[in-house]
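J.: So the chains spell out like this:
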Amino acid sequence: MLDVYKIRKDFPILGKKVNNTDLIYFDNAATSQTPNQVIDAISNYYKETNSNIHRGLHSLSADATNKYENSRSIIKNHFGAAYEHEIIFTSGTTHGINIISSGLEKSISSKDELIVSEMEHHSNIVPWQMLCEKTGSKLKVIPINDDGTLDMDEYKSLLTPKVKFVFINHVSNTLGIVNPIKEIIDLAHKNGSKVLVDGAQGAAHFKINLQELDVDYYVASAHKLCGPTGVGFLYGKSELLNSLPPYQGGGEMISNVTFDKTEYADLPHKFEAGTPNIAGVIGFSAAIDYMNSIGFNNIEVYEKELLDYATEKLKKIDSIKIYGDINNKISVISFNIGNHHPSDIGSILDQYGIAVRTGQHCTQPIMDHFNIPGTVRASFSFYNTKSEIDLFIDAVKKASKMLG
Amino acid sequence: MLDVYKIRKDFPILGKKVNNTDLIYFDNAATSQTPNQVIDAISNYYKETNSNIHRGLHSLSADATNKYENSRSIIKNHFGAAYEHEIIFTSGTTHGINIISSGLEKSISSKDELIVSEMEHHSNIVPWQMLCEKTGSKLKVIPINDDGTLDMDEYKSLLTPKVKFVFINHVSNTLGIVNPIKEIIDLAHKNGSKVLVDGAQGAAHFKINLQELDVDYYVASAHKLCGPTGVGFLYGKSELLNSLPPYQGGGEMISNVTFDKTEYADLPHKFEAGTPNIAGVIGFSAAIDYMNSIGFNNIEVYEKELLDYATEKLKKIDSIKIYGDINNKISVISFNIGNHHPSDIGSILDQYGIAVRTGQHCTQPIMDHFNIPGTVRASFSFYNTKSEIDLFIDAVKKASKMLG
Amino acid sequence: MQTIQEIQNQIIDEFNFFEDWSEKYQYLIDLGKNLPEFDKKSRIDSNLIKGCQSKVWLNSSFKNDIVIFEADSDAIISKGIISLLIRVFSGQNPEDILSAKIDFIEKIGLNTHLSQTRANGLLAMIKQIKIYALAYQSKK
Amino acid sequence: MQTIQEIQNQIIDEFNFFEDWSEKYQYLIDLGKNLPEFDKKSRIDSNLIKGCQSKVWLNSSFKNDIVIFEADSDAIISKGIISLLIRVFSGQNPEDILSAKIDFIEKIGLNTHLSQTRANGLLAMIKQIKIYALAYQSKK
Ligand SMILES: Cc1ncc(COP(=O)(O)O)c(C=O)c1O
Ligand SMILES: Cc1ncc(COP(=O)(O)O)c(C=O)c1O
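Residue numbers (my numbering), protein chains in the order written: chain Z, 1183 to 1586; chain H, 1183 to 1586; chain C, 731 to 870; chain W, 731 to 870.
It is possible that some hints are incorrect.
[What the hints assert, rightly or not] Looking from chain W toward chain H, a few residues come up when the C-beta cut is under 7 Å (computed):
| hint | residue |
| --- | --- |
| 1 | Trp751 |
| 2 | Gln783 |
| 3 | Asp804 |
Hints were generated in silico from the structure; no laboratory data involved.
It should be emphasised that the depicted structure is a prediction, and the values quoted were computed from it without experimental measurement.
Each residue gets a CB set at the ideal place from its N, CA and C atoms; glycine is no exception.
For reference, chain Z alone in the conformation it holds in the complex (with noise of 0.2 Å):
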């Protein structure tokens, strides 16, 4: 079990007044926030370690390096992937897709069909347009159905010999939902495609193994899983990775530069050119350690919890409707109440120093899907309690009250 009223301590922001009352902060599916174990990190990084890494023989420069590539394995271990250098920092999630699919369009043709979803975020969707629209090659997608799942039967219909690539969230931002990711790969991989899942908020929610899942590509942001912001990480098979071209060029992505030829670094180097994120690296990882210190198990139990409760509560408002509201979900919930602008319950609840976030989560699609301007979206964390949700449910009830 876990302790939440100790585990605030290591959260200073969760000690804030904000419109002069306590803050709430149900925000986490946008950004989590960052116990004094990472914030010590990051400063204790500063305060006796900073130097530049990889390139330098002083201490201080060893000391850099052998903390960053740390930091690697301990990403590699808590996520399972096979090796260290299938591990590529990234500055986020965002930056991960882009490293792929600017690295497919010498491999894709104009022959070929890439499948997404309806439920993805605009990060997981604007670069296969872009590459679409570079290639020829065209974008399928797997609708949703209006319980917010998606339609799966449409999915196997849509995997024909052209598609080469699925990318798929691992779960919804918006709605919570986490899908079938494992039967999702192991219908492409039969179909000889390849899978990119979008774990940006998968990642912070439960423990996943890459090799288990056999996923092809992996991305995630350590900002969604009480990390710093900046800093992320993709992970790839290696025999994919060492198959694509370099995404950027610069300092430590090669290993000989003349100007009639130039050689690319190994992985993980040759998609890490120039000085990386080397504090925010630091502090993932610190991340990661202080997760595992909680235990992802503890965590899952405890945000089911605090989801169940929210959503008998909410369910008790009048006109109130909750999207995606099924069993499988991590503790997100997006709703509306009646005709209410999304937006203007989010500034209500603001005045109650609750944090929700409201508008379309960058998932347009799902918008248009449900014909709504957007959703006030509430999304609870393992440092969030019980007695936070019976004040965000009397908040939310008020501000129906005075929208009238």
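Take the given structure of chain Z and dock chains H, C and W with the ligands to it, following the hints.
T.: Positioned in the frame of chain Z, the structure of chains H, C and W with the ligands alone reads:
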């Protein structure tokens, strides 16, 4: 005048022990150290403001957005750009250069020529080689003279009507030489060519005014000017940035997404896909504020004093050769002693707690020019002292003696 | 005709009467509800202000050296706020609109609606009002 | 023939005699100077170890179930260190090389040469030694 002993108190790492002696950090050209003011700005962001930006309407998100955008103003003002939206936040110099090199893919053709110099950092060579490979255009190289300066006559003769772009560093990271970029830019403009200046080293040591320089693109990294890792900026003139296609697809950089058609957002968001390095950007502007509080004029004068002091003493050492020993340079000294391998000198200096960089400094063509395996590079910053230089000179002498 | 500053001061005074934020918001909501809705044909994309989380449409016309603004939104609090903006700006001449310093929003405590973000539309809206004024001024 | 561990222990003992790092480095420098240089034709790229800041060339041969290593470097301290590596590994059989745990480098205080970086070649060098051993083992 600048009070270096007062300043040093701002940098916790400068009190560190390395190999049982006081750290002497002379690897500032690789990365600068971070003052408490910057470390605190980052920590405080996570403790008080952390939230995803731009898309949220709650108070925390509004605060974070304002701090982020205020950082853009600080950087715009410091560097003298015309508009905030001409400052694009990147993950560093390398990233900035790659945004442009990938953006030019469509507008450069096999008839065009591009110019770089022999003294560029790999980050300002490899992306252009990649661009040439993709477009069939030709890369021409301004050679350097044996004193390390650019061969300006050769530059003028390379500047033919076919030349679309000139890529040049403001200051050489290996030699410290300050290039006559105003002259280079003016000549290029007369020729109808655009200029990108790699300011990784320039931005840190003197004040620049982008509008006066009339430069087309300018890139730099925060970690070289007392800022955090993983952040930098790309400046571009509005009309040029507007004419480029977006670099990465994702959240933030679009204004409308459907599966039929996606519209891109305006500057600067068009180039800032995904959740940015929010804490890093805020730390970056804190670094600019910090350096301005010391005063760039003071920094310039003091660093010149350190440079002259060290150069004079070093020159007295037997069989020393300094590369790029000219007047107009920043506080960087690259040297070799006799036939000793730079890494041997560096390893021994490290035992004395002195951090210098050894090797090629990501400028292999310079090494090829001088036909050497590398250099020892000592680079001073405004928080270094003459007594550190004394210890360094002593240690260099001892190293040379040990190596026999 | 009152000046822009006079109207702003008046609004600030009105809001000073409210004891807490919920009364202010209730007032904004009421204002929003009372602002007439656009007919469908004015709710067109060319009148839409980019950079609003809720949709805001702004229409203007120019007669006798005076700019008339009309606006609508799909969110009610936004509608309330823009009804205040219309009260401030509509009926003024382009020069006064262009030189106006808008401080009432902060002073009545609606700062969070002012964040420098594309998603929150108040700044975008004021900018659009000024763009209209500029266009009319240069037409003269 | 001594085992790999015995040789390592011997090296550690030797280094324990030195009073400070400068004696250790002087010893490494002397070792480096005494290690015969490769002739030009062995200093070829295929023998070059990727990931060294200084250049390191490594050559190997296999006879009577025993691997013989020779190495050279353009930096003298590197040469000193690799002469120790040769002392440890050369003349051993592939199995022992593959299963060896190399701890003497840390124990004699050369850790900074061990950083997990491509630019510092010691780890790369040990890796290459093991790759050779693996190749010979599978040839048997
Ligand atoms: C002149 C020059 N250009 C480019 C770079 C690359 O900067 P970054 O590694 O921060 O992308 C550097 C830094 O090493 C540099 O000194
Ligand atoms: C499902 C999903 N994909 C991608 C992203 C983009 O992540 P980032 O903004 O960190 O690049 C997000 C986060 O907003 C997300 O929730």
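J.: Checking hints one by one. Is Asp804 (chain W) an interface residue toward chain H, by the C-beta closer than 7 Å rule?
T.: holds, 6 Å
J.: Holds or violated: is there a CB of chain H closer than 7 Å to the CB of Trp751 (chain W)?
T.: holds, 5 Å
J.: Minimum Cβ distance from Gln783 (chain W) to chain H below 7 Å?
T.: holds, 5 Å
The structure fails none of the hints (numbered hints given earlier).
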